[in-house]
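Chain by chain, the residues:
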Amino acid sequence: MEMTWRKYIYQLLGAIIMGIDRMLIIARKDLKEILSNFYLRMSLITFPAFITFISTLIVLTMAIYKKIPIFLYTGGQETTSNLIILSTHMILPYFLLSVSIMPVVLSTYSLIGEKNGNTIEILLSTPASDTDILFGKILPIFLLVLGIFILSFCMFTVFIDVVTMRDMGEIYLPDTFSLVVIFITGPLYAFLSTVLGLLISSRVNDIKAAQQIGSVVIVPIIGLLVFVQYSLSFQLIMMFSSILFVLDIFLFYISLMVFKREDILIRWNK
Amino acid sequence: MITINNVSRVFGNLLAVENIHFSIKDGETVVILGPNGAGKTTTLRLLSTLIKPTTGYIEYDNYHVWDYKEADNLVRCSIGFMSENSGLYEGLSVNDNLLFFGSLYGIDKKYLSDRITELSTIMGINGVMNIAVKKLSKGTKQRVAFARALLHNPKYLLLDEPTSGLDPISANMVKSILMDLRSKGKTIIITTHNLAEATYLATRIILLNKRVMADGTIGELYKYFNKNRMVRIVYSGGNGSIVTLLNKFDFVEDVKQVNKEELIITVKGGMENNWQIVKALTDNNIKLYLMDHYGNDLEKIYISAFGGNNNGH
Numbered sequence: 143m144e145m146t147w148r149k150y151i152y153q154l155l156g157a158i159i160m161g162i163d164r165m166l167i168i169a170r171k172d173l174k175e176i177l178s179n180f181y182l183r184m185s186l187i188t189f190p191a192f193i194t195f196i197s198t199l200i201v202l203t204m205a206i207y208k209k210i211p212i213f214l215y216t217g218g219q220e221t222t223s224n225l226i227i228l229s230t231h232m233i234l235p236y237f238l239l240s241v242s243i244m245p246v247v248l249s250t251y252s253l254i255g256e257k258n259g260n261t262i263e264i265l266l267s268t269p270a271s272d273t274d275i276l277f278g279k280i281l282p283i284f285l286l287v288l289g290i291f292i293l294s295f296c297m298f299t300v301f302i303d304v305v306t307m308r309d310m311g312e313i314y315l316p317d318t319f320s321l322v323v324i325f326i327t328g329p330l331y332a333f334l335s336t337v338l339g340l341l342i343s344s345r346v347n348d349i350k351a352a353q354q355i356g357s358v359v360i361v362p363i364i365g366l367l368v369f370v371q372y373s374l375s376f377q378l379i380m381m382f383s384s385i386l387f388v389l390d391i392f393l394f395y396i397s398l399m400v401f402k403r404e405d406i407l408i409r410w411n412k
Numbered sequence: 011m012i013t014i015n016n017v018s019r020v021f022g023n024l025l026a027v028e029n030i031h032f033s034i035k036d037g038e039t040v041v042i043l044g045p046n047g048a049g050k051t052t053t054l055r056l057l058s059t060l061i062k063p064t065t066g067y068i069e070y071d072n073y074h075v076w077d078y079k080e081a082d083n084l085v086r087c088s089i090g091f092m093s094e095n096s097g098l099y100e101g102l103s104v105n106d107n108l109l110f111f112g113s114l115y116g117i118d119k120k121y122l123s124d125r126i127t128e129l130s131t132i133m134g135i136n137g138v139m140n141i142a143v144k145k146l147s148k149g150t151k152q153r154v155a156f157a158r159a160l161l162h163n164p165k166y167l168l169l170d171e172p173t174s175g176l177d178p179i180s181a182n183m184v185k186s187i188l189m190d191l192r193s194k195g196k197t198i199i200i201t202t203h204n205l206a207e208a209t210y211l212a213t214r215i216i217l218l219n220k221r222v223m224a225d226g227t228i229g230e231l232y233k234y235f236n237k238n239r240m241v242r243i244v245y246s247g248g249n250g251s252i253v254t255l256l257n258k259f260d261f262v263e264d265v266k267q268v269n270k271e272e273l274i275i276t277v278k279g280g281m282e283n284n285w286q287i288v289k290a291l292t293d294n295n296i297k298l299y300l301m302d303h304y305g306n307d308l309e310k311i312y313i314s315a316f317g318g319n320n321n322g323h
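Protein chains in written order, with the numbering used here: chain A, 143 to 412; chain B, 11 to 323.
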């Protein structure tokens with residue numbers, strides 16, 4: 143009896159290790175494919191670089207020329223340092239645009255690319271399970287986008303700190319608000335968009351259609367983001383992150399339920 | 011051994027295959043023939059565990075497919091599947107493609123590297139190993155796809171129209187690879203529209219049109235559909251007595267002298283009578299240089315089975 147249990151546990155462990163191994167193999171292959179595509183490579187570089195550049199420019203313009211939106215007035219205390227902090231916090235959530243749009247683009251390319259390239263049938267005929275394939279697709283996109291997102295923020299931090307050090311009298315970025323946005327809200331957003339993109343791609347065969355559906359679903363979340371950004375409150379960004387967390391779990395559960403090789407193949411129907 | 015037991019598959023309102031029932035012994039090369047929409051690809055997808063039967067079951071050796079995950083994995087590891095398209099990642103090199111698929115089958119790194127070298131030599135793709143797949147011709151892609159399907163040394167090979175869209179030279183190369191695999195005892199299941207290819211490769215033919223219409227060797231199918239077949243022989247000697255000699259057989263319908271030492275014989279039934287022709291010739295000191303099928307005899311069987319019954323899907 144004891145041996146049977148031990149055998150069962152060994153088998154289970156073996157299956158888990160094999161599953162992780164296959165997941166990493168798929169992830170490595172996907173990463174290689176994404177990076178070998180010139181257009182994807184360019185969009186991975188230019189989009190965050192553009193957001194970083196524009197954000198830095200806006201913060202500096204607002205701080206230097208003391209032109210800020212009416213909602214940011216702080217009761218007559220518009221000192222340069224206050225303005226820098228306010229404008230930085232206002233800009234930060236826009237960084238989340240890169241983690242909401244880029245994963246949808248990459249995940250639709252990843253799965254619909256398999257369908258268009260007729261590799262999906264062969265991939266599904268291998269011993270890789272549905273879960274191995276799903277995780278293998280999520281992992282490279284999530285890590286890639288998150289890496290670029292954090293890198294963009296680091297560049298932004300350095301730019302702002304260098305330029306504002308004289309006015310601020312200290313290095314003030316990263317502060318708590320920005321760390322929450324970058325290390326909690328950002329990853330949650332990236333995961334949500336990646337899973338959503340894969341979920342849509344498993345049901346749709348056209349990259350453009352999938353990206354359009356993805357955008358439609360992402361827009362309300364961006365609306366919520368704008369609301370949070372206007373409030374500039376730490377509590378609200380945490381509440382927003384909690385909502386994202388719940389959405390992440392819900393979507394991930396749904397994707398585990400519907401990401402089935404048979405459904406993918408039948409909807410592909412070639 | 012593969013057993014397909016009364017398998018049906020429905021997609022929405024569309025019945026793709028209905029109560030198909032056959033078994034395939036180890037070492038057989040079975041060609042599934044049928045018109046468009048006959049359910050050939052569905053049958054292959056059912057066999058490759060890509061889709062579940064709506065009713066019925068499939069058994070590989072002692073494993074019931076779809077019974078539990080581990081069995082499916084064991085079955086998948088014993089199958090080499092090749093679709094009509096090469097199914098290779100166009101942006102990756104040939105070597106990267108082979109490494110990726112080999113790793114998914116859990117092949118040990120050292121063994122995989124040796125296996126890739128071995129297969130690349132067999133398939134004649136050594137020179138393109140570091141080239142991106144998108145830069146290769148369709149014929150070369152198909153050879154790479156063959157190498158991919160054979161990486162894990164599968165017991166069963168499932169091939170969906172392997173020569174479709176290939177030029178005659180590439181198609182010939184694929185056929186010779188298949189003949190080689192057949193001689194090595196692999197169990198091969200092929201779907202095709204190409205009747206000449208089916209005649210050349212098959213040890214058994216299944217005629218499918220949603221249901222199994224007929225199943226057997228070419229000879230058995232001739233018998234089943236009561237068709238005559240034509241045999242061409244090239245010989246020397248016999249002083250003109252050969253026509254009289256052959257006409258004595260009940261199974262010989264007609265003998266035509268097409269050249270000085272070349273005959274076209276119309277024969278009833280299967281190939282089991284061929285040996286009687288050979289024996290009659292050798293007994294009469296006639297040297298037989300060549301004996302083969304004349305024309306595409308399988309076409310007659312195909313038309314008998316499916317004539318006017320194309321699903322048009």
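Bear in mind the hints are in silico, worked out from the structure with no lab data behind them.
For every residue, glycine included, the Cβ atom is placed at its ideal position computed from N, Cα and C.
Wrong hints could be hidden among the right ones.
[Unchecked claim] Sample of chain A residues facing chain B (criterion: CB under 7 Å; computed from the structure): (1) G161; (2) I162; (3) R164; (4) K171; (5) I176; (6) L177; (7) N258; (8) G259; (9) N260; (10) T261; (11) T268; (12) D272; (13) T273; (14) V400; (15) D405.
[To be verified] Beyond 12 Å from chain A on every Cβ pair, some chain B residues (computed): (16) K62; (17) N72; (18) D170; (19) T292.
Hints versus structure:
A least Cβ separation of about 10 Å between G161(A) and chain B goes past the 7 Å threshold, and the interface hint is therefore violated. Using the Cβ-Cβ criterion of 7 Å, the hint placing I162(A) at the interface with chain B is not satisfied: the shortest such distance is roughly 12 Å. For R164(A), the shortest C-beta to C-beta distance to chain B is roughly 6 Å, which falls under 7 Å, so the interface hint holds. Because the smallest distance between the Cβ of K171(A) and any Cβ of chain B comes to about 5 Å, under 7 Å, the interface hint for this residue holds.
Interface restraint check: I176(A) against chain B, minimum CB-CB distance 9 Å, threshold 7 Å, status violated. Checking L177(A) against chain B: minimum C-beta separation of about 9 Å lies over 7 Å; hint violated. With 7 Å as the threshold, the beta carbon of N258(A) stays out of range of chain B, its nearest partner Cβ sitting at about 10 Å, so the hint is violated. Nearest Cβ of chain B to the Cβ of G259(A): about 6 Å, under the 7 Å cut. The hint holds.
A distance limit of 7 Å between C-beta atoms decides the matter here; for N260(A) the minimum to chain B is near 4 Å, and the interface restraint holds. Interface hint status for T261(A): upheld, as the beta-carbon distance to the closest one in chain B is roughly 5 Å, under 7 Å. For T268(A), the suggested interface contact is upheld, since its CB lies about 4 Å from the closest CB of chain B, less than 7 Å. The interface hint given for D272(A) is broken, as the beta carbon of that residue sits about 10 Å from the closest beta carbon of chain B, more than 7 Å.
Against a cut-off of 7 Å between C-beta atoms, the interface hint on T273(A) is violated, since the closest Cβ of chain B lies about 10 Å away. With a least beta-carbon distance of about 16 Å to chain B, the hint placing V400(A) at the interface is violated under the 7 Å criterion. Below 7 Å, beta-carbon pairs count as interface contacts, and D405(A) has none with chain B, the closest being about 10 Å; its hint is therefore violated. A Cβ of chain A approaches the Cβ of K62(B) within 12 Å, the least distance being about 6 Å, so the stated non-interface status is violated.
Interface exclusion of N72(B) from chain A stands, the closest Cβ pair being 18 Å apart, more than 12 Å. A cut-off of 12 Å between C-beta atoms contradicts the statement that D170(B) is not in contact with chain A; the least separation is 9 Å. With 12 Å as the threshold on Cβ separation, the claim that T292(B) sits away from chain A holds: the shortest Cβ distance comes to roughly 49 Å.
Of the numbered hints stated above, those contradicted by the structure are hints 1, 2, 5, 6, 7, 12, 13, 14, 15, 16 and 18, listed in ascending order.
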